[in-house]
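*Asks:* Given next are the chains, with one letter for each unit.
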Amino acid sequence: MTHLGYLLAGWSISLISLSIYAWRVVRKGKQLTQQVPQDRQRWMTSSTD
Amino acid sequence: MDEQNTQMDLSPRVPKERQTPKWLPVLALLAIGIAVVVLIWFLITNSQSFLPADEAVEERSELGDRRFQILGSPISSATPDQTVIIDGNEYTFFTISFDGVLVDVVSTGTPPDLFDEGIPVVLEGKWNQGPLPRPGFVFPNGANDGWWFSTNRILVKHDNDYREERLDDAEERGQIPKAPDS
Amino acid sequence: MQRTEKQEFTTSRGTRFMGISLLIGIPTLLIFSFLLSPADDNMDDAVRLIYVHVPMAIFAYVAIITTGIGSVFYLWKKSRWWDTVAHASAEIGLMLCGLVLVTGSIWGRPTWNTWWEWGDVRLVTTLVLFLMILGYLALRQVPANPDLRAKRASVVGIIAAVNIPIVNRSVEWWENNTLHQKSSLTDGKLENLTLFTLFLGFIVVGISFLWLMTHRFRVGWLAAEIETEGIAGVIEERLNEANSGAANPNYQQKDDV
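Chains as they are written, first to last, in the numbering used here: chain A, 1 to 49; chain B, 1 to 182; chain C, 1 to 257.
With the rest of the complex left out, here is chain A (with noise of 0.2 angstroms):
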């Protein structure tokens, strides 16, 4: 395969940036859900509805 240094390059600083924004965006999610009461948890779904 030619080019392969630079599609590999591309390809993993897409996968990784965006895994790692996705993971820090569900962290911080979960930090979050647990200082809101329920009651005002207006647009989240329970896992369980």
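Rather than coming from a laboratory, the hints here were simulated on the basis of the structure.
Idealized CB from N, CA, C, for every residue including glycine.
Be careful, since some hints might not be right.
[Said to hold, decoys possible] Derived BS3-like pairs (lysine-lysine); straight-line CA-CA distance at most 27 angstroms:
{"#": "1", "chain 1": "C", "residue 1": "Lys151", "chain 2": "A", "residue 2": "Lys28"}
{"#": "2", "chain 1": "A", "residue 1": "Lys28", "chain 2": "C", "residue 2": "Lys189"}
{"#": "3", "chain 1": "C", "residue 1": "Lys151", "chain 2": "C", "residue 2": "Lys77"}
{"#": "4", "chain 1": "C", "residue 1": "Lys151", "chain 2": "C", "residue 2": "Lys78"}
[What the hints assert, rightly or not] Here are some chain C residues the structure puts well away from chain B; computed CB gaps all over 12 angstroms:
{"#": "5", "residue": "Ser12"}
{"#": "6", "residue": "Ile58"}
{"#": "7", "residue": "Val72"}
{"#": "8", "residue": "Arg169"}
Please arrange chains B and C on chain A, whose structure you already have, making use of the hints.
*Replies:* Chains B and C only, in chain A's frame:
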């Protein structure tokens, strides 16, 4: 106003430690400021656009020895015999075409990987007239009119065609001369 | 909506479905991009960057346009919901726009023979868009009351969104000022597995965008709830102080001064 409210302590409180870093407002203004400055600077200075080879030939006398960017497509792929070393410097000789107008080119250095027949290139350099670095060289199927374009920077302007019949269409667009039998 | 257990994440049935789709979609996209789709006859294997670069570019546009729409609706309706949408979308837009610049630069080196061209209209307008969204997000961090902050940010959000047509059409309007190619999709210059894999890329990046957007919106909503709660708490605290002030000798002393 009731009595309770009149007794409220309205004196300034000692501010709590700021959670927002002090540099953030500066960053906000800096980012927007840079964006605007870059855009204005770009619009003012970017008067130099690529000159298609046919226009560059027409405007040859006005251009003089000014450095500019010329747009055209190589009429053939780079072959090893096009690159020669003269006095320790590497030169590549080829011809580009735009709308059927040919321009002979002498490049210092090896053309990039994607340099190929029918793939538009942008060359940064200037017009020259007179003897070539390799005296007596004749450009195969080239203009050979005594004028040549010297460049030290070749950029590839890859087109948007990813189909198998890309080269046939390149002929139709005049990016490469039509084959004799077509 | 019935809740039967404590909610601890911003996850829902919808995001879980999208997450599972991504767990299947991303490896499938990688297989098609690297193994099944053909190399280009001129660009060789470098063409395989198209399947991540182009979908991210399109969804960066989508994200920033969403920010623009959210900003307009915030200014019109004064709705916290729209402000949260605009904010969430801008953050994802910044991420995607940054990755578009990086992957574009990586793709440019083997194909154009340059990492970056300052005179290139597509590259510079995309950089300006990135800086505008960076400014939008930084502006949101400047201390201000929530309404003022949202109003300021909305103005920048709308300006950034107006930039999108300029970025997108730049390759047509200033054809001789950019190395960037025109759109292959709208010109019908893609075929067979190359076209299919690009569409797969759109689906995968599209689901990623929706997944991130849903989670990020919920995070934004919760943060706003905490902020509102915080402001309400401070007011309540002050009123309590005032109410107890009558019995507090310090208040009397201040009055004496």
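*Asks:* Give me the numbers of the hints this structure contradicts, sorted from smallest to largest.
*Replies:* 2
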